[in-house]
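S.K.: Residue strings, one per chain:
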Amino acid sequence: MESLRIAETQYPSPFASGLEFNPPVRGPWNIVHMALQIPEAHLLYICARGCLRGVLMTCAEMGAMDRMHWVGVREHDLATGELDATTLRLATHVIAALKTTKPPLIMVYLSCIHKCTQMDYPALLEGLRSAFPEIRFIGCHMMPTMRKSGPTDEERTRAQMYEALSPCQPITNAVTILGSDWPLAKNSVLKSALLAHGIAIRELPTCKSFADYQNLAQSATMLSFAPQALLAATSTCSRLGRKHLHLPLCYPSAAIKAMLAKAQEGLGIAIPSSQAEERADHALRNAKKTLGDRPIHIDYTATVSPLSLARLLIEYHFCVSTLYLDAFAPHEEEDYAWLKEHAPDLRVCPTIHPSLRLERVRKYLNPEGDSILAIGQKAAYLSGTRFFVNTVNDMGHLDFGAQAFIASAMLEAQAKPKDPEIVLQQKGLGLPSCWH
Amino acid sequence: MKETSKQTTGKYPENIMDAYADCATYLPSYASDTSGVCSALYELGGLTVVHDASGCNSTYSTFDEPRWFKQESAIVISGLTEMDAIMGDDQKLIDNCIEAAHIYSPNFLALCSSPMPFVIGTDLPAIGAELEERLGIPVLVIPTNGIHSYIAGCGLAWEALLARFCQRLPKSPKPSINILGASPLDIENNTLSHLCAWIRSIGFQLGACLALHTSLEDISSLPKAHANLVLSSSALPAARFLTHLCDQPSVLGLPIGSFAPILKERLWEAVTTKQSFGLTHTGSEAPLVIAGEAIFCASLATALPLPSVLYSPLECPPTLLLGKDSGGVEDESKIQSMMATASVLMGDPFYQVLAPEKRLLAIPHRAFSGRVFAKDMWNILDPQAFQTRILNPLREEIAC
Numbered sequence: 001m002e003s004l005r006i007a008e009t010q011y012p013s014p015f016a017s018g019l020e021f022n023p024p025v026r027g028p029w030n031i032v033h034m035a036l037q038i039p040e041a042h043l044l045y046i047c048a049r050g051c052l053r054g055v056l057m058t059c060a061e062m063g064a065m066d067r068m069h070w071v072g073v074r075e076h077d078l079a080t081g082e083l084d085a086t087t088l089r090l091a092t093h094v095i096a097a098l099k100t101t102k103p104p105l106i107m108v109y110l111s112c113i114h115k116c117t118q119m120d121y122p123a124l125l126e127g128l129r130s131a132f133p134e135i136r137f138i139g140c141h142m143m144p145t146m147r148k149s150g151p152t153d154e155e156r157t158r159a160q161m162y163e164a165l166s167p168c169q170p171i172t173n174a175v176t177i178l179g180s181d182w183p184l185a186k187n188s189v190l191k192s193a194l195l196a197h198g199i200a201i202r203e204l205p206t207c208k209s210f211a212d213y214q215n216l217a218q219s220a221t222m223l224s225f226a227p228q229a230l231l232a233a234t235s236t237c238s239r240l241g242r243k244h245l246h247l248p249l250c251y252p253s254a255a256i257k258a259m260l261a262k263a264q265e266g267l268g269i270a271i272p273s274s275q276a277e278e279r280a281d282h283a284l285r286n287a288k289k290t291l292g293d294r295p296i297h298i299d300y301t302a303t304v305s306p307l308s309l310a311r312l313l314i315e316y317h318f319c320v321s322t323l324y325l326d327a328f329a330p331h332e333e334e335d336y337a338w339l340k341e342h343a344p345d346l347r348v349c350p351t352i353h354p355s356l357r358l359e360r361v362r363k364y365l366n367p368e369g370d371s372i373l374a375i376g377q378k379a380a381y382l383s384g385t386r387f388f389v390n391t392v393n394d395m396g397h398l399d400f401g402a403q404a405f406i407a408s409a410m411l412e413a414q415a416k417p418k419d420p421e422i423v424l425q426q427k428g429l430g431l432p433s434c435w436h
Numbered sequence: 001m002k003e004t005s006k007q008t009t010g011k012y013p014e015n016i017m018d019a020y021a022d023c024a025t026y027l028p029s030y031a032s033d034t035s036g037v038c039s040a041l042y043e044l045g046g047l048t049v050v051h052d053a054s055g056c057n058s059t060y061s062t063f064d065e066p067r068w069f070k071q072e073s074a075i076v077i078s079g080l081t082e083m084d085a086i087m088g089d090d091q092k093l094i095d096n097c098i099e100a101a102h103i104y105s106p107n108f109l110a111l112c113s114s115p116m117p118f119v120i121g122t123d124l125p126a127i128g129a130e131l132e133e134r135l136g137i138p139v140l141v142i143p144t145n146g147i148h149s150y151i152a153g154c155g156l157a158w159e160a161l162l163a164r165f166c167q168r169l170p171k172s173p174k175p176s177i178n179i180l181g182a183s184p185l186d187i188e189n190n191t192l193s194h195l196c197a198w199i200r201s202i203g204f205q206l207g208a209c210l211a212l213h214t215s216l217e218d219i220s221s222l223p224k225a226h227a228n229l230v231l232s233s234s235a236l237p238a239a240r241f242l243t244h245l246c247d248q249p250s251v252l253g254l255p256i257g258s259f260a261p262i263l264k265e266r267l268w269e270a271v272t273t274k275q276s277f278g279l280t281h282t283g284s285e286a287p288l289v290i291a292g293e294a295i296f297c298a299s300l301a302t303a304l305p306l307p308s309v310l311y312s313p314l315e316c317p318p319t320l321l322l323g324k325d326s327g328g329v330e331d332e333s334k335i336q337s338m339m340a341t342a343s344v345l346m347g348d349p350f351y352q353v354l355a356p357e358k359r360l361l362a363i364p365h366r367a368f369s370g371r372v373f374a375k376d377m378w379n380i381l382d383p384q385a386f387q388t389r390i391l392n393p394l395r396e397e398i399a400c
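Heads up: the sequence lines are chains A and B, in that order. At position 357 of the first sequence (counting the first as 1) the number is 357 in the numbering used here, and the numbers step up by one without a gap. At position 88 of the second sequence (counting the first as 1) the number is 88 in the numbering used here, and the numbers step up by one without a gap.
Honestly, the hints are just simulated from the structure, not real lab data. Please note that the accuracy of each hint is not assured.
[What the hints assert, rightly or not] Below are the DSS-like pairs computed for lysine-lysine, each with C-alpha atoms no more than 30 Å apart in a straight line: (1) Lys92(B) / Lys115(A); (2) Lys148(A) / Lys92(B); (3) Lys416(A) / Lys375(B); (4) Lys324(B) / Lys99(A); (5) Lys102(A) / Lys334(B); (6) Lys358(B) / Lys99(A); (7) Lys358(B) / Lys102(A); (8) Lys416(A) / Lys70(B); (9) Lys418(A) / Lys375(B); (10) Lys418(A) / Lys358(B); (11) Lys171(B) / Lys92(B); (12) Lys418(A) / Lys186(A); (13) Lys262(A) / Lys243(A).
[To be verified] To spell it out: a stretch of chain B is covered by chain A in this simulated footprint if at least three of its residues, at any positions, have a beta carbon under 8 Å from a beta carbon of chain A; those stretches are: (14) 28-34; (15) 64-71; (16) 104-117; (17) 147-154; (18) 326-336.
No residue lacks a Cβ here, since even glycine has one placed at the ideal position from N, Cα and C.
Given these sequences and hints, build the entire structure.
M.R.: Written out as structure tokens, the structure reads:
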């Protein structure tokens with residue numbers, strides 16, 4: 001598959017859809033990784049074996065099978081119309097069979113075929129609530145047929161993860177961050193300002209108990225950063241009656257300053273950033289000196305804003321040569337236009353086109369990509385380099401802290417090669433794993 | 001598009017109506033039929049297309065397929081969307097398959113289905129017929145639906161493959177044995193190498209292997225052999241096909257421990273008399289529970305000094321597991337009740353969770369635990385390893 005110059009691409013879909021190959025890059029989180037962040041919560045998946053296997057093995061590799069239960073779909077039940085009754089009976093059975101204390105929350109996932117066969121989902125949840133009144137049941141969806149049209153399973157899960165928060169009196173000395181997989185990084189300007197003003201930060205990745213999780217509901221103001229968190233943030237804030245502040249995750253300094261200004265106004269606190277900006281600027285200039293004109297490839301799993309990151313690095317004269325993505329995200333339209341004008345020769349390469357399967361295996365057998373420095377696992381795999389920044393979804397980095405992080409991570413990646421076969425195949429970067 | 005016969009599914013007995021079948025509180029589920037198809041055809045130079053939205057390929061290539069990172073293959077999904085499912089845009093699938101076939105230049109194209117196309121009634125045979133006409137290569141339509149296990153998927157894929165690529169051939173001059181049912185879901189490389197060496201050591205030439213370390217040309221030569229050794233229930237449809245095609249007898253089993261000499265005798269008799277040898281195990285209330293694929297479990301049980309009861313949640317012939325044995329039903333409560341009276345369990349380490357206080361002799365099975373215990377896999381055909389890991393601990397238990 002030939003890559004395209006960004007100048008030749010169409011927004012938002014640069015490539016025609018077709019058959020899809022699956023690169024062996026396993027770091028990005030899926031809906032199981034996300035949902036298991038709720039302490040003490042369990043998951044119940046109801047779907048066919050082909051769909052079950054992936055979520056069950058994801059959980060198994062995390063060593064969390066004691067929190068995962070399942071009910072399969074049987075041909076007989078589909079054919080006879082007994083799907084609803086059988087599902088409730090089996091779901092009740094697997095929960096009743098729990099040997100330990102019943103969990104406070106079970107997220108119940110149905111799949112595409114339940115939607116297609118018009119299963120009565122509210123009746124299923126009602127039946128479970130009636131059988132187990134001590135457990136909260138949240139209805140969730142695993143519907144990959146909606147992957148391209150949205151809302152995606154990831155967006156839905158992020159939203160559904162907060163549905164068990166109970167309404168309560170708001171407090172003003174804390175903010176809650178919604179929809180983030182990682183704790184807000186320590187070097188974030190925003191984090192420093194909040195803590196300096198005595199405002200506590202509550203976020204799911206740092207919750208240790210279900211009570212901690214419930215405390216997320218208390219904050220009068222709730223923040224979101226990634227576009228994938230917007231559905232979670234708007235639905236949760238609307239339901240709980242909280243103020244929502246969306247601070248878009250971005251990389252160029254001007255955009256960061258605009259974001260911090262919005263935060264300053266919304267939170268009513270001063271957010272000084274000049275020192276952090278200077279530190280980030282110094283780190284980026286230093287990285288540029290070391291990396292020189294080494295080609296840099298970036299993929300969409302490294303950051304929710306890959307075009308924004310490319311723009312920052314190009315502004316600092318890094319040699320960003322290739323972006324790996326299958327579509328341009330709506331929130332990056334402005335950066336897309338900027339790149340089209342200022343870096344028209346930047347190559348855009350898909351990540352799932354069938355031809356990449358053969359190209360990549362051949363590259364593995366005859367390594368040729370080590371001249372490249374990759375940011376993100378897909379960029380590493382598809383370029384064939386062993387020199388890469390091993391990151392997914394920004395890993396909690398924000399504002400000038402994110403700039404500083406990427407500068408130091410590039411230097412670290414440049415200094416020492418990694419073994420792609422081991423590093424890239426670990427499922428759920430940063431989470432417990434049985435892989436090596 | 002051409003009209004063809006209705007899509008068929010469910011070639012395996014529907015004996016899953018037990019009270020709590022197909023659900024679990026603690027155990028994972030076995031690999032699915034679509035993974036079975038992909039695994040079965042991996043090395044044969046075909047293009048395998050799973051008609052699926054997303055997930056089938058990543059699940060398979062992450063957990064069920066150890067060859068994915070290094071070894072070339074052409075396995076893709078169709079990327080079915082909500083709109084495709086509602087509007088039934090089969091032309092898109094046909095066009096995309098043709099485009100991919102031009103990229104890969106495959107020996108054949110295999111089409112199989114995930115749950116959603118099954119529910120909406122996608123006419124894969126018609127799509128396959130049109131693709132075959134337009135591409136001029138064999139198109140195998142494999143009627144999976146994502147509901148059954150890899151046993152069904154491998155079985156259907158190999159049967160379809162043999163039906164297109166095998167014909168009656170003169171037998172090889174020296175007695176030779178095919179291996180049927182070799183997929184990484186059931187057997188590791190070391191074990192397969194050991195098995196090949198064992199076949200040679202008992203005086204046979206090695207025929208073809210279905211389907212590890214092999215090629216489409218090798219598969220076409222399957223009818224040349226004098227008999228088949230069937231390692232897994234997944235290969236039973238292929239074995240039946242070869243019997244019908246060219247009177248090729250089959251012998252079921254793995255040469256584990258003291259079962260090896262018995263298997264050797266059966267293979268020689270099969271070659272001499274063209275008689276097939278099945279495998280039967282009759283379970284009783286026993287101190288030993290063996291869990292896993294049925295032919296593997298029955299072979300292992302035959303090699304042990306203690307009576308045992310077998311639990312095989314995967315599709316298997318109704319004549320294989322009898323008495324108190326349980327076959328064909330994935331039922332956590334069933335194996336729990338079996339283990340209540342037993343003192344030792346043999347099988348994948350995941351089963352330990354059902355009876356933490358009982359002794360488990362671990363035999364990791366990729367089709368069940370994926371990569372979780374991959375580092376601990378071992379070659380059960382190696383007499384020394386079998387002695388150390390199975391027989392000696394069993395003797396300790398008996399002594400207790």
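S.K.: Each hint needs a verdict: does it hold in this structure or not?
M.R.: Against the structure, the hints:
The straight-line distance between the Cα atoms of Lys92(B) and Lys115(A) is roughly 23 Å, inside the 30 Å bound, and the hint therefore holds. A C-alpha spacing of about 16 Å is found between Lys148(A) and Lys92(B), which places the hinted pair at or below 30 Å, so the restraint holds. With a C-alpha separation of about 26 Å, the suggested pair Lys416(A) and Lys375(B) falls inside the 30 Å cut-off, and the hint holds. Restraint check for Lys324(B) and Lys99(A): satisfied, since their Cα atoms lie roughly 26 Å apart, inside the 30 Å limit.
Using a Cα cut-off of 30 Å, the hinted pair Lys102(A) and Lys334(B) holds, with the two alpha carbons roughly 22 Å apart. At most 30 Å may separate the alpha-carbon atoms for a hinted pair to count; Lys358(B) and Lys99(A) meet this at roughly 16 Å. Taking the CA atoms of Lys358(B) and Lys102(A), the gap is about 24 Å. The hint holds against a cut of 30 Å. A hinted pair counts as satisfied when its Cα atoms are at most 30 Å apart, and Lys416(A) with Lys70(B) qualifies at roughly 23 Å.
For the proposed pair Lys418(A) and Lys375(B), the alpha carbon gap of about 21 Å is at most 30 Å, so the pair holds. Distance check on the hinted pair: Lys418(A) and Lys358(B) sit about 41 Å apart at the alpha-carbon level, beyond 30 Å; violated. With a CA separation close to 45 Å, the supplied pair Lys171(B) and Lys92(B) exceeds the 30 Å bound. As the CA atoms of Lys418(A) and Lys186(A) are separated by approximately 26 Å, the hinted pair is consistent with the 30 Å bound.
At most 30 Å may separate the alpha-carbon atoms for a hinted pair to count; Lys262(A) and Lys243(A) meet this at roughly 14 Å. Counting residues of the segment 28-34 of chain B whose C-beta sits closer than 8 Å to any C-beta of chain A gives 7, which meets the bar of three, so the coverage hint holds. Only residues whose C-beta sits within less than 8 Å of a C-beta in chain A count toward coverage, and the segment 64-71 of chain B has 5 of them, enough to reach three; the restraint holds. Only residues whose beta carbon comes within less than 8 Å of a beta carbon in chain A count, and the segment 104-117 of chain B has 4; three or more means the coverage holds.
Under the rule that three or more residues need a Cβ within less than 8 Å of chain A, the assignment of the segment 147-154 of chain B holds, with 3 such residues. Note: the segment 326-336 of chain B has 3 residues with beta-carbon separation from chain A under 8 Å; the three-residue rule is met and the coverage holds.
The structure does not agree with the numbered hints 10, 11 stated previously, though it agrees with the rest.
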